[in-house]
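Number of protein chains: 4
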Amino acid sequence: MINNSINRKLRMGMVGGGKGAFIGEIHRIAANMDGLIELVCGAFSSDPGRSKESGEALFLPEHRVYGSYQEMIAQERQLPEGERMDFVSIVTPNHVHFEPAMMALENGFHVVLDKPMTFDLDEAKQLQQKAAETGLLFLLTHTYSGYPMVRQARKLVRDGALGKIRKVYVEYPQGWLSRSSEQDGNKQASWRTDPAKSGKSGCMGDIGTHALHLAEFISGQRTTHLCAALYTYVAGRKLEDDGNILLRFDGGASGVLIASQVAAGEENALKIRVYGENGGLEWSQQEPNSLLVKWLDQPTQIFRAAAGGMSPEVAAFCRTPGGHPEGYLEAFGNLYKSFAWALGAKLAGKEWQAGEYDFPSVADGVRGMAFLDCVIRSNESDEKWTPFTV
Amino acid sequence: MINNSINRKLRMGMVGGGKGAFIGEIHRIAANMDGLIELVCGAFSSDPGRSKESGEALFLPEHRVYGSYQEMIAQERQLPEGERMDFVSIVTPNHVHFEPAMMALENGFHVVLDKPMTFDLDEAKQLQQKAAETGLLFLLTHTYSGYPMVRQARKLVRDGALGKIRKVYVEYPQGWLSRSSEQDGNKQASWRTDPAKSGKSGCMGDIGTHALHLAEFISGQRTTHLCAALYTYVAGRKLEDDGNILLRFDGGASGVLIASQVAAGEENALKIRVYGENGGLEWSQQEPNSLLVKWLDQPTQIFRAAAGGMSPEVAAFCRTPGGHPEGYLEAFGNLYKSFAWALGAKLAGKEWQAGEYDFPSVADGVRGMAFLDCVIRSNESDEKWTPFTV
Amino acid sequence: MINNSINRKLRMGMVGGGKGAFIGEIHRIAANMDGLIELVCGAFSSDPGRSKESGEALFLPEHRVYGSYQEMIAQERQLPEGERMDFVSIVTPNHVHFEPAMMALENGFHVVLDKPMTFDLDEAKQLQQKAAETGLLFLLTHTYSGYPMVRQARKLVRDGALGKIRKVYVEYPQGWLSRSSEQDGNKQASWRTDPAKSGKSGCMGDIGTHALHLAEFISGQRTTHLCAALYTYVAGRKLEDDGNILLRFDGGASGVLIASQVAAGEENALKIRVYGENGGLEWSQQEPNSLLVKWLDQPTQIFRAAAGGMSPEVAAFCRTPGGHPEGYLEAFGNLYKSFAWALGAKLAGKEWQAGEYDFPSVADGVRGMAFLDCVIRSNESDEKWTPFTV
Amino acid sequence: MINNSINRKLRMGMVGGGKGAFIGEIHRIAANMDGLIELVCGAFSSDPGRSKESGEALFLPEHRVYGSYQEMIAQERQLPEGERMDFVSIVTPNHVHFEPAMMALENGFHVVLDKPMTFDLDEAKQLQQKAAETGLLFLLTHTYSGYPMVRQARKLVRDGALGKIRKVYVEYPQGWLSRSSEQDGNKQASWRTDPAKSGKSGCMGDIGTHALHLAEFISGQRTTHLCAALYTYVAGRKLEDDGNILLRFDGGASGVLIASQVAAGEENALKIRVYGENGGLEWSQQEPNSLLVKWLDQPTQIFRAAAGGMSPEVAAFCRTPGGHPEGYLEAFGNLYKSFAWALGAKLAGKEWQAGEYDFPSVADGVRGMAFLDCVIRSNESDEKWTPFTV
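First to last, the protein sequences are chains A, B, C and D. Residue numbers for the first sequence follow full-length UniProt numbering, beginning at 1 and rising by one. Residue numbers for the second sequence follow full-length UniProt numbering, beginning at 1 and rising by one. Residue numbers for the third sequence follow full-length UniProt numbering, beginning at 1 and rising by one. Residue numbers for the fourth sequence follow full-length UniProt numbering, beginning at 1 and rising by one.
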């Protein structure tokens, strides 16, 4: 029950996410969860019939279900202020990120966009510039930074509890692309392994960018150099499905980033460990309500969501008391919630204190695209270290 | 995107759950999660001002925020069919369960009610009878049966994978009442330890009923006799805050039920183990996406939510692919979702296949109240075994 | 490298433990581990040929391998003091505990004896009296008290870290008797399920006594009343293979003891949890190098063997640095080591400080037999509580 | 009770391992554990007084405690065959590996040697040649390959259960050198961080070699190229205390090797994961009795030591039934046991079937030294990949 400053739900339009899509439904649940946002319109598919069918299943009035995002943005703009959507949530494959996002910004709509932000780095920079020009809000859904224990981890590092950070190990093994599912009609596999839809990276674009964001989010250090070795294990696949990367950070830390979609038997085993002079942190996405804090000469502590020892500003992102597990959808919901608070404040013309609407944005998206560029360059190079520049 | 048969969201009214309440917000998130239900009205507090303030924070129109549940039920009944609430969700302390539920049924509203169902067994039986007479739907929120892995456990037992069931160990240790928080202004502690609001049982009513329901839900056997030893560890407390119970079941199994609210350091550590001739099951609420299945002569298996090995009818209750953890709110949401499917079908005049709208109902509530009666009798008795009758 | 006061290895004779036996080999490894004890003679089987064969495989000289324990005790007594065994280790089934132990004591030999101490309580009391009369040392191998983390748990309770103890949950589920293995030639199963060899209890004698000892060892409280429900799940079996017991303790704690040998799929899953006013402990035998210490308002701590936070007097029972796991054999070895230290000191005529040779002894054995008596009586009674007296 | 072919214990002499040493005591316990080996002599320290004191504490006769390994080897050679040591176990720092090992081989004694095998690669090759010439047995104590679940892992890979191996992740984080303990009188830290005693590598020599051995032992593939980044985090330290390495294998797999001694809060957290086309393996040294086997479309299995599903030839290396945890000392003991079986057979002039005396030997030691050479070269190079040649 947090006042969002404008005394009404924020109105969301959606691009993509029709029947059979995975991430669109996730976005809807996340946006819906806290009662701060309502879905008011959508262009759910490039196939108008499919879009219509999806809108119907979502109980939308027929005239707010559009045949294309172009139509949606144009039409919504014509609606009275009290009715038209406030922001657009874009949940299409990578190659359909840039254009709807740019068009939304140009037409005064705030934007929620999935990662990786765009098809290539140049598009990302254009979006960044446009967002800066327009002053519109932009949420890039690096979901994992929405987990309370990830935020607690970041806070412990920021507060200096671990001392100077020396090591960052981040890994993201999945197994679902261990076979050539893209040839068996798996729609998720299909576009993710297609360079025309995904861009020049497969595994690293899909999950490596999350790993990098998490590493920098928690450690508070930024990658300066990397050394990448990418692999394509499934015959006939055009994009890498696996990769190992050495990292060096600006604060003196070093590390490793592992991402794989052929680690057969793994689900979504994102995990990060960060070590400083006095101790280390360990967090696993699959058991997200625990954060192990290891100390040099004292017993390891298990920090738990909404339980004793947690910082109050982080605990505010827990919806339930300790022991009532929250998960991926709630983490996703935290991003939408922060976005809703910020947007509500903005629409009400109020100041909003930095830190309270802590969500990844357009700069994180540019950084992710620069990471992919750097990884591809490094992989093709015989040099050990490739500088990471944005 | 599941059609709910009537092509609109179901309309929910809420009794209780104003600012500062715990379980009301949980119910709203759960009901909201899947986009099948919308909150349209409420009597959020017995204090009309507080109710109004809560309704405002929830963006409800002023005229749908009522000063009492009596007013709400009476007024809503006057509204046109296309506008008035379809069902009422009652999230008040135990002593305010029976009256609003009975009044709702009498006025043609379906009911969602928190456990334990009523203040005493007699009230529970009256509700059961009224529900039967009216044919209205009744959801009793034994949340834990909404977890996919709990349903998978039940399915494995039903399918005979474990052979005849011999042992059921269920435990529910919490630590949050280890001190006399009820005297320090903790509202949750206050009513739960007050016999005038909770009824004749404390710990067993609050969490023991969940444990019993889970044990019977998974094992498919029903308790026939029990032997209870209740304790009150915190000085001055009027209701038991802890108890150990031996169980005997109608299918020949025996077991133990442990519940405690003074197990200092525990959060909400509900756990169940069920053993049959061929193997056993183990599920822990705090890591709810895993189900251990232990075999007599083969390696233990870890069944995981939305992953390989899961029964399709259970997997339908997962919103995300394997490795994207779901938790308590999603389990709660599953109860509301099943209820919404059943209610949508009913309102559309359609048949609904048994099993698909699998949710605990009024008979489970009566059983829980009978359990509390039996536990209290057993505790006061010198006889080892007290028969469990409803 | 700890001086054992007498500058030589202690000389052990063994009764039982020939080829095919389980626990005899365990005793030999445990006794051998720290280089303080050497096996010098044995009567390994009631079958003289088998005994001889076993002695040969153990590299013993022919004349120190005896055809019976009677012969061994008699002959060894005749040997010169510098050659004859110092103590006897008795590793036979329960019905062959009392006689060799009594004969050893009568002939001046110290005794190591497996649990349960004897066939019945009366025998146990006779041994206790004889041990007191002779002043000979007596080690009863309640192995689990030899684990460093069990000792750390005890120390934390003794030091008052948890406050007054309220709850003790101890459980010992095994699955290996889930089928009638005793009829398939399994020697271990065979004598354990035979009342002529095991005594009047099966599961409780074999593993329930361990659970009780552990509960009292760590909690520092003694059982005063119990309520037992025993079961025999495998058809045709003459002794119980499962049981659930409610406990009350002299310090005001209450608890539950679960033991089962038909918990199919479990190995040797002894686990104990103890809760006080401020926090709780949890230790699992299958992951014995960790001790969870849970606090009311602070993060749970993981105490680890030989790592930071451990009491020095307990750390002395770790042979390796933190992270080099020790297990069951090392715990067993700790009992033999403490016994060797105490016996070395005694033989050297030195004082030995209490607490340093912390090992279970004849009084623990009597207590275990009294527990079995009480459990059997309670199981047959309709009264809820049976007083536990020794 | 396994006949070692020669009907007597094998006689061990020890070089190093006096009072205050860590690994010497480990070797003695491991050698002693199964009753197949007895310590008969030693040169426990380069300080003759200290050596003598140590020998006394170990109950050795004065004349078998030597002031130097040179003296020991020379004197023992003079003893009658039925009395003199059979083999020497060398447990000194790295710079005192080569000379005693070479001298032992030259004098007809079999050798047990700690890793890394020598001070540099050249010494290692000399030992390899000498061992080949003499036909003497050589055990290099890569302890972790002695764990039953590691052997089970290897067997599953060899049997093709996982399909073609694609990924190998091995990590060995420790935290004990997070501060400059070498300057605070920590003897273990002191020689390990001193290039004059350790050789040219610190962390990689001490633990990286173990990680590499384990990776190749389980995966059955051999490293062909690596890319190393070494770091020294503690100021003033002369050898690296941390490193990240990318790996490529001859069977087409790729991987990562992480080793650190500044991962503050970690104990000895060696862990390996191996993924093939059909599934993956995960084994953690700190919980060594479980082996996770993950499958692409089926539930993960937990293989457990001495429990159902284990290969009989691996189960032979378990001393206790399932659920009785074994650890580091037992793994170490398995190497000594295999060595004792092989040596007993050799001394008895018998054939011994390959595979049964599975223990790491001189070739593994050479490989480890070549690894260190390659790592150092790679670290100093700007080239991404350095070929790994022996």
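Derived from the structure by calculation, the hints contain no laboratory data. Careful, some of the hints might be misleading.
No distinction is drawn between identical chains; accordingly, a pair holds when it is met within one copy or between any pair of copies.
[To be verified] Pairs of lysine-lysine residues, derived as DSBU-like cross-links and limited to a Cα-Cα distance of at most 30 Å, are as follows:
| id | residue 1 | residue 2 |
| --- | --- | --- |
| 1 | Lys-200 | Lys-271 |
| 2 | Lys-200 | Lys-52 |
| 3 | Lys-9 | Lys-52 |
| 4 | Lys-164 | Lys-238 |
| 5 | Lys-350 | Lys-200 |
Quick rundown of the hints versus the structure:
| no. | hint | verdict |
| --- | --- | --- |
| 1 | Lys-200 <-> Lys-271 | within (25 Å within a copy, 33 Å between copies) |
| 2 | Lys-200 <-> Lys-52 | neither (32 Å within a copy, 55 Å between copies) |
| 3 | Lys-9 <-> Lys-52 | both (24 Å within a copy, 18 Å between copies) |
| 4 | Lys-164 <-> Lys-238 | between (41 Å within a copy, 20 Å between copies) |
| 5 | Lys-350 <-> Lys-200 | neither (42 Å within a copy, 51 Å between copies) |
Going down the numbered hints, you'll see the structure goes against 2 and 5, while the others check out.
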